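2 protein chains.
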Amino acid sequence: MTAVNENFLKLKAGYLFPEIARRVNSFVESHPDAQVIKLGIGDVTEPLPQAVIKAMHAAVDEMGDRSKFRGYGPEQGYAFLRDKIAEHDFASRGVTISADEIFISDGSKCDTGNILDILGKDNHIAVLDPVYPVYVDTNVMAGHTGSADSEGRYQGLIYLPVTAENDFTPELPDEPVDVIYLCYPNNPTGVVATKETLTKWVEYAREHHALILFDAAYEAFITDPEIPHSIYEIEGAQEVAIEFRSFSKNAGFTGTRCAFTVVPKSLMVTTSTEKQVSLHQLWNRRQSTKFNGVSYIVQRGAEAVYSPEGQEQSKALIAFYLDNARLLREGLEAVGISVYGGVNAPYVWLKTPQAFTSWDFFDELLNKAHLVGTPGSGFGASGEGYFRLSAFNSRENIEEAVKRFQKIVS
Amino acid sequence: MTAVNENFLKLKAGYLFPEIARRVNSFVESHPDAQVIKLGIGDVTEPLPQAVIKAMHAAVDEMGDRSKFRGYGPEQGYAFLRDKIAEHDFASRGVTISADEIFISDGSKCDTGNILDILGKDNHIAVLDPVYPVYVDTNVMAGHTGSADSEGRYQGLIYLPVTAENDFTPELPDEPVDVIYLCYPNNPTGVVATKETLTKWVEYAREHHALILFDAAYEAFITDPEIPHSIYEIEGAQEVAIEFRSFSKNAGFTGTRCAFTVVPKSLMVTTSTEKQVSLHQLWNRRQSTKFNGVSYIVQRGAEAVYSPEGQEQSKALIAFYLDNARLLREGLEAVGISVYGGVNAPYVWLKTPQAFTSWDFFDELLNKAHLVGTPGSGFGASGEGYFRLSAFNSRENIEEAVKRFQKIVS
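Protein chains in written order, with UniProt numbering: chain U, 1 to 410; chain A, 1 to 410.
Read the hints as simulated data drawn from the structure, not as lab findings. Note that the coordinates shown come from a computational prediction; the quantities given were computed from them, not determined experimentally. Honestly, I wouldn't trust all of these hints.
Identical copies go unnamed one by one, so any copy, or any two together, can satisfy a pair.
Unchecked claim - When the alpha-carbon atoms are kept at most 30 Å apart in a straight line, the in silico DSS-like pairs for lysine-lysine are as follows:
#1 LYS12 x LYS275
#2 LYS195 x LYS351
#3 LYS38 x LYS368
#4 LYS68 x LYS265
#5 LYS368 x LYS121
#6 LYS10 x LYS407
#7 LYS84 x LYS407
#8 LYS54 x LYS68
#9 LYS38 x LYS403
#10 LYS275 x LYS121
#11 LYS54 x LYS12
#12 LYS68 x LYS38
#13 LYS10 x LYS265
#14 LYS54 x LYS84
#15 LYS275 x LYS10
#16 LYS10 x LYS121
#17 LYS195 x LYS265
#18 LYS265 x LYS12
#19 LYS368 x LYS10
All chains should be built: construct the whole structure from the sequences, respecting the hints.
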């Protein structure tokens with residue numbers, strides 16, 4: 001008789017964003033004329049940079065020409081893209097990452113989930129709370145947790161609360177931790193980590209032989225020159241950290257699909273039989289066996305992000321969304337809402353007014369203002385009473401959203 | 001201290017194809033003038049159908065136009081593609097599969113590996129021998145096996161030998177099996193399964209509450225009208241089988257990346273607490289959490305495979321490769337080689353001459369004829385003494401390969 005992975009049965013309800021989609025669809029069905037503005041899921045709205053469009057057209061033409069056609073590419077990605085990343089994202093910031101430490105993939109969501117394939121079953125795993133749900137759900141699926149309590153906290157995971165009270169910067173864990181997920185600029189709170197904060201984590205990881213899974217999907221939004229873009233800007237991080245990056249938000253690739261993961265070769269782990277094992281080798285084996293590389297066309301598009309035109313155009317995109325974030329911040333603050341993030345990140349994190357719970361405020365905003373945001377509690381128990389708005393939208397919609405928001409809370 | 005997944009350490013050497021690439025690269029480095037013809041990895045050589053090129057250009061343009069731009073798509077794939085698949089691949093053959101039972105993905109290799117995420121740890125798992133290595137390696141990684149013996153057979157897996165002696169059609173297992181991988185048209189042997197053979201398996205699975213993982217990546221190569229293209233052509237299969245399909249070989253998508261997996265809603269499994277669980281729901285949850293959908297551009301390309309022009313052009317591609325397979329078959333038979341497959345499949349499976357082992361014959365062919373094939377033993381212990389040639393190449397190269405092959409074996 002076939003056995004299923006019963007860990008799936010521990011998962012609470014649907015994954016957050018499908019649940020939001022369900023409520024929105026149901027509202028739209030019963031209010032077909034409502035002009036709903038979506039600031040929920042962090043999905044971009046502006047078209048791809050023209051440099052990317054041009055490069056993808058050229059790649060499509062190659063795929064139609066026998067002499068230039070490409071079949072299976074390297075599972076790890078093409079050198080033309082890995083080289084550009086090593087140079088632009090790392091060498092330019094004084095960080096030495098070699099091209100073959102970079103694995104091109106079709107998404108950071110996939111990679112942050114799949115990375116568990118190479119880790120053992122008995123790690124003590126820490127996450128911030130609130131947190132991007134994928135880190136938690138994939139650990140539940142992998143059997144690394146017990147059941148969830150009534151607030152959604154899974155037994156066995158170590159939650160590090162981040163709230164206004166601790167300035168959204170967690171204390172170091174006071175119990176042993178083997179794997180720690182960090183995301184900066186943070187999703188959902190929009191806060192960043194200083195060099196000092198990251199140094200503390202790297203030192204902790206080195207001391208405790210722990211692994212940092214560093215999600216830097218939003219690094220392009222960092223405007224403050226003092227804030228590190230990569231954890232590898234911290235001395236010694238290459239021995240303790242894997243970093244996840246994405247083209248989704250910096251160049252609008254959410255529907256085009258390209259990301260990458262850095263696994264330094266100096267990242268070694270000791271096995272139960274005292275053998276030294278390279279995580280780079282394990283991830284390479286995992287990717288060679290369970291992945292077949294990213295579409296050639298898409299990789300050429302990602303490469304074009306690094307061209308002079310691509311850089312200029314993607315920086316303009318980022319500046320546009322950051323201006324949206326500023327308008328949201330200022331508009332909400334003007335009516336007395338406590339707002340966090342939104343400076344070095346495309347997310348604005350706010351305290352719900354009038355003691356609304358996160359989901360009640362979601363329904364209130366949807367029903368009365370036809371605005372969609374993301375309930376803070378969907379990101380974890382400590383997100384209760386908070387709410388996330390995304391700056392990914394047209395200027396017109398952002399301005400209209402601010403007006404509607406101000407109207408219902410004042 | 002971070003624990004790694006030590007099951008990875010049980011894996012024998014590299015994954016087959018990287019090992020072949022390594023030997024070929026090393027040969028080419030020392031023989032820079034050799035005109036090597038590659039009939040190893042099953043990678044297409046002809047450009048994408050023009051209908052696909054046209055559709056992808058249009059999709060790229062949409063991604064550059066704000067009013068048509070697409071961000072995150074449904075993790076399960078766009079309805080425009082799922083509907084076409086349901087109609088053309090299933091309804092047209094009298095099989096009722098609904099569009100929402102079809103999950104679009106970036107590759108069958110990924111799906112056949114990832115499917116283990118939703119299955120339990122204690123299944124008795126059967127594979128044919130020889131077999132596509134991904135089925136085995138992903139089970140090793142997931143901890144479903146012990147170590148490998150000297151012939152590469154992993155403890156705990158049930159191997160069903162397929163050789164010339166049993167006409168490459170395995171007996172039903174004589175020990176309990178909960179999960180069975182079947183691939184037809186078969187990789188690597190190129191043989192197909194009749195309706196009777198598949199019916200026997202479906203009946204076995206129904207009787208033993210087992211799950212069939214049916215890999216139909218090569219179905220487009222079936223020329224015999226009596227051979228089923230889908231396992232769902234067998235009555236009752238929707239209650240016991242998951243089917244994997246790909247655009248890689250029928251439309252040349254190996255470097256473009258699109259595939260799909262069918263998980264019927266009637267596929268239910270009983271848990272240890274006697275609950276009925278739907279594998280469709282589990283897979284949907286897995287994909288929503290760990291995957292973000294296939295590039296919009298690529299999905300539009302795949303959709304175009306089903307247009308009248310796309311159908312005509314992809315059928316011409318298939319016919320071209322099948323003609324290559326015929327030339328290989330006939331050319332090898334003419335010098336007394338025993339050849340199997342290559343009629344309803346793009347692979348020709350041959351008995352190595354002069355009692356060569358598979359890897360010795362690989363080196364012989366590479367060194368003396370500058371031909372690359374795949375050693376049968378790379379697919380499993382029972383593949384020893386066999387060798388696979390792929391029909392994916394230009395006509396000129398196939399004709400030249402036949403000549404060179406004939407020269408060294410006669």
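The hints, checked one at a time:
For the identical chains of this complex, LYS12 and LYS275 are inter-copy neighbours only, at 17 Å across copies versus 38 Å inside a copy, given an alpha-carbon limit of 30 Å. Taking the shortest alpha-carbon separations for LYS195 and LYS351, only the intra-copy value of 27 Å comes in at or below 30 Å, while the best inter-copy value is 63 Å. In this homomeric assembly, LYS38 and LYS368 come within 30 Å of each other (Cα to Cα) only inside a single copy, at 14 Å, whereas the closest approach across copies is 64 Å. Taking identical chains as interchangeable, the C-alpha atoms of LYS68 and LYS265 are never at most 30 Å apart, the minima being 33 Å within one chain and 42 Å between chains.
For a Cα distance limit of 30 Å, the shortest separation of LYS368 from LYS121 qualifies neither inside one copy, at 46 Å, nor across copies, at 48 Å. In this assembly of identical chains, the alpha carbons of LYS10 and LYS407 never lie at most 30 Å apart, being 40 Å within a copy and 63 Å across copies at closest. Taking identical chains as interchangeable, the C-alpha atoms of LYS84 and LYS407 are never at most 30 Å apart, the minima being 47 Å within one chain and 46 Å between chains. In this homomeric assembly, LYS54 and LYS68 come within 30 Å of each other (Cα to Cα) both inside a single copy, at 17 Å, and across copies, at 17 Å.
Taking the closest pair of Cα atoms, LYS38 and LYS403 come within 30 Å of each other only inside a single copy of the chain (14 Å); across copies the shortest separation is 64 Å, beyond that limit. For a Cα distance limit of 30 Å, the shortest separation of LYS275 from LYS121 qualifies both inside one copy, at 17 Å, and across copies, at 26 Å. When the C-alpha separation of LYS54 and LYS12 is checked against a cutoff of 30 Å, the pair qualifies neither within a copy, at 43 Å, nor between copies, at 43 Å. Taking the shortest alpha-carbon separations for LYS68 and LYS38, only the inter-copy value of 17 Å comes in at or below 30 Å, while the best intra-copy value is 42 Å.
In this assembly of identical chains, the alpha carbons of LYS10 and LYS265 lie at most 30 Å apart only when taken from different copies (21 Å versus 35 Å within one copy). When the C-alpha separation of LYS54 and LYS84 is checked against a cutoff of 30 Å, the pair qualifies both within a copy, at 18 Å, and between copies, at 29 Å. For a Cα distance limit of 30 Å, the shortest separation of LYS275 from LYS10 across copies, 13 Å, qualifies, whereas the shortest one inside one copy, 34 Å, does not. Taking the shortest alpha-carbon separations for LYS10 and LYS121, both the intra-copy value of 17 Å and the inter-copy value of 16 Å come in at or below 30 Å.
Taking the shortest alpha-carbon separations for LYS195 and LYS265, only the intra-copy value of 23 Å comes in at or below 30 Å, while the best inter-copy value is 50 Å. In the homo-oligomer, the alpha carbons of LYS265 and LYS12 lie at most 30 Å apart only across protomers (21 Å), although the nearest pairing inside one protomer, at 37 Å, exceeds that limit. Proximity of LYS368 and LYS10 under a CA criterion of 30 Å is satisfied in neither setting, with 34 Å inside one chain copy and 59 Å between copies.
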